[in-house]
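Given the coordinates of chain A, work out where chains B, C and D with the ligands should sit on it, guided by the hints.
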Amino acid sequence: MHKPRLQLQASFDIAYLQYLDKQGQTTQTLPEFATPDWLSYCLRQMQLARLVDDRAVKLQRTGRLGTYPSSLGQEAIGVATANAMIGEDIYCPYYRETGAFLERGVLIEEILANWGGDERGQNFQHQPGDLPVCIPIATQALHAAGVAFALKYRHSQDGRPLQVAVASSGEGATSKGDFYEAMNLAGAWQLPVVFVVNNNQWAISVPRHAQTGTQTIAQKGIAAGIPALQVDGNDVIAVAWAVRDAIARARQGDGPALIEAMTYRLCDHTTADDASRYRSARELEDAWQWEPIKRLDSYLRAQGLWSDAKQQDLDRELAQIMEAALDRWESRDPEPATAIFDHLYAQLPAAFYEQYDQLRDEQAQTGNRGE
Amino acid sequence: MHKPRLQLQASFDIAYLQYLDKQGQTTQTLPEFATPDWLSYCLRQMQLARLVDDRAVKLQRTGRLGTYPSSLGQEAIGVATANAMIGEDIYCPYYRETGAFLERGVLIEEILANWGGDERGQNFQHQPGDLPVCIPIATQALHAAGVAFALKYRHSQDGRPLQVAVASSGEGATSKGDFYEAMNLAGAWQLPVVFVVNNNQWAISVPRHAQTGTQTIAQKGIAAGIPALQVDGNDVIAVAWAVRDAIARARQGDGPALIEAMTYRLCDHTTADDASRYRSARELEDAWQWEPIKRLDSYLRAQGLWSDAKQQDLDRELAQIMEAALDRWESRDPEPATAIFDHLYAQLPAAFYEQYDQLRDEQAQTGNRGE
Amino acid sequence: MGEETKAITLVEAVTQALAHELERDGDVVVFGQDIGANGGVFRATDGLQQRFGSERVLDTPLAETMIAGIAVGMATQGLRPVAEFQFMGFIYPGLDHILNHAARMRNRTRGRLSCPIVYRAPYGGGIHAPEHHSESTEALFAHVPGLRVVVPSSPARAYGLLLAAIRDPDPVLFLEPKRIYRAAKQPVPDNGEALPLDSAFVLREGSDLTMVAWGASVKETLAAAEQLSTEGIQAEVIDPATLKPLDIHSIIDSLEKTRRCVVVHEAARFGGLGAEIAAQIQEYAFDLLEAPVQRVTGYDTVMPYYQLENAYLPGVERILASARIALEYAREGDR
Amino acid sequence: MGEETKAITLVEAVTQALAHELERDGDVVVFGQDIGANGGVFRATDGLQQRFGSERVLDTPLAETMIAGIAVGMATQGLRPVAEFQFMGFIYPGLDHILNHAARMRNRTRGRLSCPIVYRAPYGGGIHAPEHHSESTEALFAHVPGLRVVVPSSPARAYGLLLAAIRDPDPVLFLEPKRIYRAAKQPVPDNGEALPLDSAFVLREGSDLTMVAWGASVKETLAAAEQLSTEGIQAEVIDPATLKPLDIHSIIDSLEKTRRCVVVHEAARFGGLGAEIAAQIQEYAFDLLEAPVQRVTGYDTVMPYYQLENAYLPGVERILASARIALEYAREGDR
Ligand SMILES: Cc1ncc(C[n+]2csc(CCOP(=O)(O)OP(=O)(O)O)c2C)c(N)n1
Ligand SMILES: Cc1ncc(C[n+]2csc(CCOP(=O)(O)OP(=O)(O)O)c2C)c(N)n1
Ligand SMILES: [Mg+2]
Ligand SMILES: [Mg+2]
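Chains as they are written, first to last, in the working numbering: chain A, 1 to 371; chain B, 1001 to 1371; chain C, 2001 to 2335; chain D, 3001 to 3335.
One should not assume that every hint holds.
Unchecked claim - DSSO-like mimics (lysine-lysine), calculated; alpha carbons at most 30 angstroms apart, straight line:
hint : chain 1 : residue 1 : chain 2 : residue 2
1    : A       : K294      : B       : K1294
2    : A       : K310      : A       : K3
3    : A       : K3        : B       : K1294
4    : A       : K22       : A       : K310
5    : D       : K3006     : D       : K3257
6    : B       : K1003     : B       : K1022
7    : B       : K1310     : B       : K1058
8    : D       : K3185     : D       : K3219
9    : C       : K2219     : C       : K2006
10   : A       : K294      : A       : K3
11   : B       : K1022     : A       : K3
12   : A       : K22       : B       : K1003
Read the hints as simulated data drawn from the structure, not as lab findings.
Okay, chain A solo, but in the shape it has when bound (with noise of 0.2 angstroms):
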């Protein structure tokens, strides 16, 4: 049989990081930011996310907040990617974002208030640029590539410091035609935005390999000429150095980056979720093994960082914020009705004032918002 001679056009590599393993050993010198401050700090963070999540499932359960996207887990992700951005960077954020958002300075009862159906839970009062949560899949990354845009536009008009978007995603959104024309436009037009991927395994009941046929979730990137890195989404300093690298460069007009974080899902999807129906116990519990919070504990504890006492300190802490956040959440007044008309349009047209008015008095009659 013929075989015939191929040159060699393009050679690409994929490449992984990690500073701390499962058991919370460094595998190499840590970068310089991550000081025993910083480290605290993060460790800090992880268990504010974790703390909220657990508290918005435990009231989902009692019926009052609506189906929720627990972050259970994955908490190193969202910490360290909001952590590396810089205020007047753009978040763009998915669903699954608890420890983002709380980095990003959204108000717990934003976060409630969002997942308990209120649409002010979206008007983030301290920052004003993010984008909201994203539920219709991907559709963040175009976004972030529009946001981008937008920043290197002004940038480059007006001379203002190179400002960057992030888009966050799950692995199982890097299927979606979306995601990659996010990718290939952003890689065309050399945009400063940086993907960062939550590479949980499962997108709701479908493994990872279900997804795609491709070794890795980084390779992606190739496909649009952007570099890609793929890195343990449990060490929280593997994805900062990560996440703080490629905006980095994004800042420095070098273009966008995709950033693959490995981790696991040890939630169910989301509070309507029963995930008993599709994977195994054994799988869910070897996962718990390497999780990000008992990881970077272990190794703080190991340095003489962290201890019993401080764990106390901080777990009376968090409480007190949470239950603060609860009674600001707990104590809003309900939006009236004819707030679905509010912010239709900038001014509302004539033509739809007559259902304005019909609504007002149907309110006004049953006072009970139609319930």
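Frame of chain A, contents of chains B, C and D with the ligands only:
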């Protein structure tokens, strides 16, 4: 500055294949299938495609045909691709495919009918299973994945030989989510489908480099975990080898492949386009130097396999074929206007009878199909 | 056989119909996100993968354009794909393939190829779901030539209409009102009997008012009719079920008796299907009409997050208010 | 400035408006396929890239979902993106971003972010184009809450409405009837004066019949009105121009005089905008109406390839036939 130690996770190469160089000289031993007869046949089929294209463009210029997309200079791809298929394989073409259509047994009068605004042109008499000309860019790639699923399903249900779906497209199409989603599914499900990309360097006025930041189009297959190869698309032998090899693997159950065929669009995008608005005359002139027919002609003459006499015979033969087809096309009765309802559903639902009757009566009155 | 037919919910009726057709016809394949081991996020495909194997009941990657597009390719080769979109709010990336390909493959090839596809999607609001999970945009699809759009409003109709949709030689969008997925149970014999895709169902007879509703809104519409009945007013309630092609004649027939009509739907009013029904009524029954056709619909704003969704959705009170307008209407001259 | 204003075509008026806004507002960016060096396949962006640079006038890769989606991201950061879809037949992959994001960004963030985007697309049939190049699916978009849908029918309206669309703080779908891109010329001063996006235009006054049409159909509708005029019948011709939000009151005002109405559109009838207009007319003007509102539309089938497109499109004869039905209609009792 800290530089982390990275582990290599995965590596990928993209290779390039050529047998005949730009001057028509062999760069390596030819494959077994490239017999003198086969090569002459390819030369003939490429010339027939060029002739049909040429006549179609002229018919458009005189108002007898609508917008027409010529495949001038890209004939090797369609001819070699369709030649590598067996009849029972399913072709999922894009619009720039006159050469492939002819090779698949689509009638010249069907090609003319289609571009002449007559749906009957898509009712291929000799290829009951092939998909019609696809105009919405890249959508046919997904149809091909679905076709490939059906072929694999039939094979596994009733043991019939595995057939293969082949999708064609331009390089511009690879920017679209459909193309990526199709490749990704094909990779995940190991579908018997081959994606052949005509990289003619332009998508209407948008040059290849503005379409994507990648070095090659072939590397987009890496994002789907499918084998990919770049070939000289003006070398009919290289295209044929690549497609045959990919089809053979698919037929054996080894899954999908992507082939990027490098060529150049010597014509305007379509008869509605004026490429001189965006493309240099110089670039076009250069490209004429390495077009596929001239190249194969040079090689065959150098081997003593082709001559002016043979060419004259061929010219006569092809002209006759063309004229006969034109006669058949021109002598067709126009379709009655009511045909627009006849194939809307298998059976027209009663809800549309009134409109059908209205149309029929209108036509009976005006007798001019509305014009 | 002698066994008593178990009462089942609408979503169970969907499962039963899918299983019936998978059993009967080897060309039927079912796919979508999480429909395999998980049995679908609403359990509509519960147990089907175990029973029929993962060659015929498949989880896809997460890509709706793909789901819509591969169905076209499969169908052209004679399969009968049944594709699930997880929620109607995520169907839009598939519209291109539904509209530009599935709905016109037969026409553009002059009958050579066809697309006997069923696209299924849970639809509608009222279950306190997150954003984008409560859409009712049937009107977008009903405007597409070559497509059928079907919405069941009871377990029995879900079963019979889904059988018909799968057997239909052309593409059908089958929208499942998730608010009533488990609202009521009904014995539905698994007898393989399909219901027609071109006839409306008269759910309640009456001669004073015609009420047209489909999907989950049938529930509130029937409740409103009951209320009117206590006041001595008999409303006829018609569920078109197949929204395209629409059986307008059953509605017109009813208007011959009632001369007054209310149309109810969850979708936004402007450009909703209520407009088409009102337009056809005034075309076909202009002389009969004693009052303008009333539309009781979702408001012309974005479907709200769940705190305010009940303010958005047409409830019994709003239906009654419009019914009364229709009933009490008198022409200027007659007032 | 004393110079005479040159008569220009509709497509030139589009270019003029784009240039005006690019000049006036540094936040405006224009992008799409082939809109740069090539100036757009219809030359709507001719010369803009040379004049404003390739940072503000950009060719995109070939991906409509992307075109729709990046506009959302850009707009949230204060830019005013004007995105072109090359033909309306290729807009569908963008629907998800238009409907699920652009049209509701303001609402879902309770005013924090907004999407002042213009999505442009050439639309409609009648130019002997290939398959998928002759679509009229404005009804799909007009059903979407939060969106505006605008269709100009003359060079002057194209200019004034496009200025308004770009300046509007919310997303606008701007559909350009390609059949009349070059059908007529008109002097259009480049004075930066926008037209309102909430008012219909009365193109011809009359008291015997109200005719409603937009886009290219305005041409045949005016021709039909002229024909009627020779018979002593004066038709009022109204172009809503902004289809959503719709200025129904101008139509109702006209009906106060005429009491009879014909609506004309190229799009398929079922679920087309004619239905919404008919529904609203019977709601607001029930007592006025002397005849059912007539719809003259494309047939409920796939837009044919060009050999048969004229049989599909509503021409003057079909408009006249329906006008006569409306004019001659008498209630049963009155016959
Ligand atoms: C376009 C779209 N399709 C389907 C869904 C329903 N859905 C919500 S989450 C999800 C799985 C996402 O998996 P992945 O991207 O891996 O993220 P993860 O939830 O695992 O973090 C699906 C299918 C959706 N939200 N959007
Ligand atoms: C979805 C879609 N968008 C836009 C178009 C208009 N269009 C027709 S061909 C073309 C360029 C295609 O370029 P490429 O894929 O490289 O194929 P080529 O024509 O060069 O062979 C475009 C933009 C289309 N047909 N479909
Ligand atoms: Mg996941
Ligand atoms: Mg090309």
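Hint check results:
1. A:K294 - B:K1294: 69 angstroms, violated
2. A:K310 - A:K3: 67 angstroms, violated
3. A:K3 - B:K1294: 26 angstroms, holds
4. A:K22 - A:K310: 23 angstroms, holds
5. D:K3006 - D:K3257: Violated, at roughly 38 angstroms.
6. B:K1003 - B:K1022: 45 angstroms, violated
7. B:K1310 - B:K1058: It holds: about 26 angstroms lies between the C-alpha atoms, which stays within 30 angstroms.
8. D:K3185 - D:K3219: Holds: D:K3185 and D:K3219 sit about 13 angstroms apart, inside 30 angstroms.
9. C:K2219 - C:K2006: Holds, at roughly 22 angstroms.
10. A:K294 - A:K3: 54 angstroms, violated
11. B:K1022 - A:K3: 22 angstroms, holds
12. A:K22 - B:K1003: With a Cα-Cα distance of about 22 angstroms, the restraint between A:K22 and B:K1003 holds, given a limit of 30 angstroms.
Checked against the numbered hints above, the structure violates hints 1, 2, 5, 6, 10; every other hint is satisfied.
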